[in-house]
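Below, each chain spelled out in residue letters.
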Amino acid sequence: MKMSKRTLFGFVGATMLATAPIQAFAQDWEPRKPIDFVIMAGAGGGADQIARFIQAVAEQQDLTTRPLVPNNKGGGSGAEALIHVNTANDPDHTILVTLNSFFTTPLRQENLGIDIQTFTPVAMMGVDPFVLWVHKDSGITTFDDYVAKVQEMDGEFVMGGTGAGQEDSIVIAYMSGAYDLDIKYIPYDGGGAVAKDLAGQQIMATVNNPAEAKGFYEAGDFVPLLAFSDERMPAYPDVPTIKEMGHDFSYYNQRAVVGAPGMSDEAAAYYQDLFTTIYQSDEWQGYLTSESLSPLWMDASEQRDYWALQVENHQNLLAALGE
Amino acid sequence: MDVLLLLADGMLVSLQPLNLMMIIIGVTLGLFIGAMPGLGSVNGVAILLPVTFLVPPSSAIIFLAAIYYGAMYGGAVSSITLGIPGASTAVATTFDGRPLAKQGRASLALVTAALASFVGGTVANILFTLFAPLLASVALSFGPPEVFALMLLAFATFVGLGGDDIPKTIFSICFGLVLGAVGFDQISGAPRLVLFDYNGFLQGIGFLVLAIGVYGIGEMLWTIDQTRGDVTATTPKMTMKGVAADAKEATKRGWKGTAIGSLLGFFVGILPAAGATPGSLMSYGVAKIVSRNPEEFGKGAVDGVAAPEAANNSASTGSMLPMLTLGIPGSPTTAILLGGMVIWGLVPGPRLFVDEEQFVWGLIGSFYISNVAAVLINLAFIPVFIWMLRMPFTILAPMIFVLSIAGGYAATRDMFDIWLMVVFGIGAFFMRKFDYPLAPAVLAIVLGPIAEPTLRQSLLLSSGDPSIFFTRPVAGPITVVALILIFLPALKFLRRSPAKSKNPAS
Numbered sequence: 113m114k115m116s117k118r119t120l121f122g123f124v125g126a127t128m129l130a131t132a133p134i135q136a137f138a139q140d141w142e143p144r145k146p147i148d149f150v151i152m153a154g155a156g157g158g159a160d161q162i163a164r165f166i167q168a169v170a171e172q173q174d175l176t177t178r179p180l181v182p183n184n185k186g187g188g189s190g191a192e193a194l195i196h197v198n199t200a201n202d203p204d205h206t207i208l209v210t211l212n213s214f215f216t217t218p219l220r221q222e223n224l225g226i227d228i229q230t231f232t233p234v235a236m237m238g239v240d241p242f243v244l245w246v247h248k249d250s251g252i253t254t255f256d257d258y259v260a261k262v263q264e265m266d267g268e269f270v271m272g273g274t275g276a277g278q279e280d281s282i283v284i285a286y287m288s289g290a291y292d293l294d295i296k297y298i299p300y301d302g303g304g305a306v307a308k309d310l311a312g313q314q315i316m317a318t319v320n321n322p323a324e325a326k327g328f329y330e331a332g333d334f335v336p337l338l339a340f341s342d343e344r345m346p347a348y349p350d351v352p353t354i355k356e357m358g359h360d361f362s363y364y365n366q367r368a369v370v371g372a373p374g375m376s377d378e379a380a381a382y383y384q385d386l387f388t389t390i391y392q393s394d395e396w397q398g399y400l401t402s403e404s405l406s407p408l409w410m411d412a413s414e415q416r417d418y419w420a421l422q423v424e425n426h427q428n429l430l431a432a433l434g435e
Numbered sequence: 335m336d337v338l339l340l341l342a343d344g345m346l347v348s349l350q351p352l353n354l355m356m357i358i359i360g361v362t363l364g365l366f367i368g369a370m371p372g373l374g375s376v377n378g379v380a381i382l383l384p385v386t387f388l389v390p391p392s393s394a395i396i397f398l399a400a401i402y403y404g405a406m407y408g409g410a411v412s413s414i415t416l417g418i419p420g421a422s423t424a425v426a427t428t429f430d431g432r433p434l435a436k437q438g439r440a441s442l443a444l445v446t447a448a449l450a451s452f453v454g455g456t457v458a459n460i461l462f463t464l465f466a467p468l469l470a471s472v473a474l475s476f477g478p479p480e481v482f483a484l485m486l487l488a489f490a491t492f493v494g495l496g497g498d499d500i501p502k503t504i505f506s507i508c509f510g511l512v513l514g515a516v517g518f519d520q521i522s523g524a525p526r527l528v529l530f531d532y533n534g535f536l537q538g539i540g541f542l543v544l545a546i547g548v549y550g551i552g553e554m555l556w557t558i559d560q561t562r563g564d565v566t567a568t569t570p571k572m573t574m575k576g577v578a579a580d581a582k583e584a585t586k587r588g589w590k591g592t593a594i595g596s597l598l599g600f601f602v603g604i605l606p607a608a609g610a611t612p613g614s615l616m617s618y619g620v621a622k623i624v625s626r627n628p629e630e631f632g633k634g635a636v637d638g639v640a641a642p643e644a645a646n647n648s649a650s651t652g653s654m655l656p657m658l659t660l661g662i663p664g665s666p667t668t669a670i671l672l673g674g675m676v677i678w679g680l681v682p683g684p685r686l687f688v689d690e691e692q693f694v695w696g697l698i699g700s701f702y703i704s705n706v707a708a709v710l711i712n713l714a715f716i717p718v719f720i721w722m723l724r725m726p727f728t729i730l731a732p733m734i735f736v737l738s739i740a741g742g743y744a745a746t747r748d749m750f751d752i753w754l755m756v757v758f759g760i761g762a763f764f765m766r767k768f769d770y771p772l773a774p775a776v777l778a779i780v781l782g783p784i785a786e787p788t789l790r791q792s793l794l795l796s797s798g799d800p801s802i803f804f805t806r807p808v809a810g811p812i813t814v815v816a817l818i819l820i821f822l823p824a825l826k827f828l829r830r831s832p833a834k835s836k837n838p839a840s
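Chains as they are written, first to last, in the working numbering: chain A, 113 to 435; chain B, 335 to 840.
Simulated from the structure, these hints should not be mistaken for laboratory data.
As the structure is a prediction and not an experimental result, all values here were calculated from the model.
C-beta: ideal position from N, C-alpha, C; glycine also.
Careful, some of the hints might be misleading.
What the hints assert, rightly or not - Quick look at which bits of chain B chain A covers, simulated, 3 or more residues with Cβ under 8 Å:
1. 515 to 525
2. 536 to 543
3. 593 to 604
4. 611 to 623
5. 785 to 795
What the hints assert, rightly or not - Label pairs and their computed distance ranges (CB to CB):
6. A/Ala-260 / B/Ala-744: 18 to 28 Å
7. B/Met-749 / A/Gln-173: 45 to 55 Å
8. A/Asp-417 / B/Asp-689: 38 to 48 Å
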């Protein structure tokens, strides 16, 4: 009975795969307990917002038999999360929401013994661009104003970010090098805290993802000056890109989900299906638009190639920045 | 005026049959989840979030608010009856709640906790209603130097906590600070104090692990040692008349602590960096300082139960403020609520109060109703909680042990933390044997990880110049008050015993 059912499903699955990849084919594996949904960042930042959103979509549409339980482990630029997942004693129930520290942290801290190629690709949910923001009361309205102001303050211009070697610091370091800027950089424990302190004018500028700054932008508190995306963003059509300024640089944060090393193929297939469904949901597509993320869908093998490429890119970036 | 109309509307919506039912179920579930050591409002809200998709969003948020309130009340229950903090926010409640229970006055402690929680929650709701936009700008004006000054003030309030033995108190604080420094360094990202190369230390020492170890296991060992297991459990009687008498006594002896906790707790709660746990600990310290009988604290002071309980409710409501106005969750629970809100199409942030007026005030309205429901349901359950205390200690002790272990595991789902908890329990027992105060260590492990990064951020801002703590308009006065509080008892101590040349203030 079971045998024939499985064969049948296999057959149907093969046909369906060609037409509608969302429709899950025979699910042999299902989670048996709550899924440890580890987040590589603190509460309130971009990665956290996305994880909460994904969890809510899964709950609302009843996509999982066991809940995804968000678990913030932002310590050590995500090293805490990587170690937690790397040594997970139940890899089939441990998945990780990543950002680019997935690439940079193992490079910067080789003693952690993390090889990201041992992790299991699940889904690439999109890439998040970066924008340079200032407070409206700063009087700065254009990127030229900004450059002039930073140079005038001669080392006293304060920017906040999420720490040395983190995504925003790579962007800031590149920008500083390109325009000869001397910036005082204060590390915080997450993009949410950074945005809050710009709103309170504790710091003078930030490089935040649009999702983190959007609320303050819409309230009129934040002014976007420069985008680090390949092209101008639909939500910010008047904001120039650094490419337009003649610098061949763009930088995105990956919003991907990966599984723990040693995850069984069945479990990996289950999560790949689950996140395909979430990716194609109206909610997620709406989120990509409203939060200015770019779609960058990849299957499992493409993701591994992408990881290798990103590790190489970041190796060069960090080396160039003297990290 | 519009605001009050919307608020009244929100209250009326909460009183509809379906919503009222959600409130009653939510509060009752929350109460028991909160009373389980290790399980707090975070777990309650996370576990029950899926249920909320079965009902309309307005009912869903009411349900979550009810669980949140119920759990805040429930946290005090195990702190008082078993001496195990039901949640990290209820640690300070054990300081005096447990001694009261041992004196056979558990019902007084429970009634005080319930009433103080009610007042704290109500005061916070009123402050929220009247001043939300203003308070949001207060929260924004707190940059790293201000938060550090506030943490310094918190330490200062606790220097007096260890009784007269100031060197031992300072030692205890330093010990807690060292434990708080374990794990990844936020500023450089480098791992620190990874003792014996155990990976478990990388994530830092969880506060709840320490608190359950110290107060659950440590307390149990202490009781066994003191009584050789020969404890005749107190058999308090519960009657309606008794509750009324307790309520009267609680009001008379706990009003001051309640007032302090309600205001201070709210204020600390609205700062995204802090939250309800520092709020309740600080309120306890301040209540002791202003008390006319500070020597009663730690031995069963009613104010010592009222202050942290009023504060944790007040702070929990306060922590909604940064979530709603800035989109930054002030506590783990609000982070989960945030996830719920996003899926209902609500974008927390500065625009929420303008764009979604009805939702915001409806939510606040439901807070008022949930709070009333929570105090009534809590009072009704007090006899049940008291009944637990009638069990002989030979049954109670293993139960405390099992609950501590289960609670410690529930919080992090990591066996490493269980062993750590047992070690802390044994360590706490010996510290008590040698008369070292434990509360300052517990405070330090909560505040250290907030104080240290803000100190370093501030010094980065000022290029290493410490005057930044004195020259900024908000940080300055707080720093000065904190330093006075730290040095006053130190000076008193030095004058009294000039023979000892230790300098406790560093």
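Cβ contact check, 8 Å cutoff: the region 611 to 623 of chain B against chain A, three residues minimum: n = 0 at 8 Å, threshold three: violated.
Within 18 to 28 Å: is that where the Cβ-Cβ distance between A/Ala-260 and B/Ala-744 falls? 55 Å, violated
Given as covered by chain A, does the region 785 to 795 of chain B meet the bar of three residues or more with CB within less than 8 Å? holds (count 4)
Assertion that chain A covers the region 593 to 604 of chain B - criterion: three or more residues, beta-carbon distance below 8 Å: Not satisfied, violated; 0 residues make the cut.
Would you check chain A against the region 515 to 525 of chain B, counting CB to CB pairs closer than 8 Å, and say if three or more residues qualify? holds (count 9)
Quick one: see if chain A covers the region 536 to 543 of chain B, three-plus residues with Cβ-Cβ under 8 Å. Holds, because 3 residues of the region 536 to 543 of chain B bring their Cβ atoms closer than 8 Å to Cβ atoms of chain A.
Would you say the C-beta atoms of B/Met-749 and A/Gln-173 sit inside 45 to 55 Å of each other? Once the Cβ atoms are compared, 34 Å apart, the range 45 to 55 Å for A/Gln-173 and B/Met-749 is violated.
Given a hint of 38 to 48 Å, does the C-beta separation of A/Asp-417 and B/Asp-689 actually sit inside it? Hint holds: Cβ distance 43 Å, inside 38 to 48 Å.
Checked against the numbered hints above, the structure violates hints 3, 4, 6 and 7; every other hint is satisfied.
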